[in-house]
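Going by the numbering used here, 50 is the number at position 9 of the sequence shown; the sequence numbering is gapless.
If you're looking for bench data, these hints aren't it; they were derived computationally from the structure. Be aware that a few hints might be false.
Stated by the list, open to error - List of simulated lysine to aspartate or glutamate pairs, EDC-like, C-alpha gap at most 20 Å:
hint : residue 1 : residue 2
1    : Lys74     : Glu154
2    : Lys74     : Glu173
3    : Lys141    : Asp72
4    : Lys143    : Glu107
5    : Lys193    : Glu128
6    : Lys143    : Glu154
7    : Lys143    : Glu128
8    : Lys89     : Glu128
9    : Lys143    : Glu99
10   : Lys89     : Asp72
11   : Lys89     : Glu190
12   : Lys74     : Glu117
13   : Lys74     : Glu99
14   : Lys141    : Glu190
What the hints assert, rightly or not - Simulated DEER-style distance windows between Cβ atoms:
hint : residue 1 : residue 2 : range
15   : Leu196    : Leu116    : 27 to 35 Å
16   : Pro132    : Gln77     : 33 to 41 Å
17   : Gly98     : Arg139    : 33 to 41 Å
18   : Leu116    : Leu85     : 35 to 43 Å
19   : Asn93     : Lys193    : 15 to 23 Å
20   : Glu128    : Lys74     : 28 to 36 Å
All residues carry an ideal CB built from backbone N, CA and C; glycine is no exception.
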Amino acid sequence: MHPGGKLVWHAVSQGEVNVIARENTRKHVPDLKALQRTCDVNYLALMKLLPNGAAVGESVSVGISEQVLFVLRVLETAPYTWHVSIEQCTPGLPCFMRMKVKVRLYHDVRMAEVCASQQIFALQPSYHYPNENMHHPNEKEQVNLFLAEWLKCCLYHGFSTVKQL
């Protein structure tokens with residue numbers, strides 16, 4: 042990487058054609074205020090779906106339609122935090138296409154952030170781009186916004202919430 046966050050141009054030879062590739066060496070700077078607002082909204086929506094005082098292993102099913110079902114499961118509880126998984130359980134849909142996220146709820150600040158999504162087991166605040174796994178520079182922001190939209194859909198269209206034992 043070039044110091045100072047400048048653009049670096051690389052010449053790459055592909056057969057007889059020379060291709061010039063542009064690499065942006067500046068790291069994405071997340072908009073923390075926007076991310077915090079999204080996490081605030083996510084917390085309020087999740088708390089409407091989860092039972093009060095949920096215990097480890099407790100889960101709730103939310104149906105969006107006859108074929109689309111999601112399960113919210115409490116993985117860990119502590120005085121100020123919970124870890125919750127949200128997984129799509131749609132029969133016939135390949136596993137790699139099913140939504141699966143792990144969310145950390147912070148009760149003291151009333152925020153919920155996605156800490157793992159799909160095959161990303163630990164989301165970083167930002168990523169250099171391009172990167173080996175082709176994560177977007179603002180992957181964490183996008184996943185939290187996706188959760189906000191999904192929760193909004195559940196609260197608006199969810200026809201049933203069934204507590205699982």
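Exercise for the section: Please write out, lowest number first, the hints stated earlier that are contradicted by the structure. Expected result: 2, 3, 4, 10, 12, 13, 15, 17 and 18
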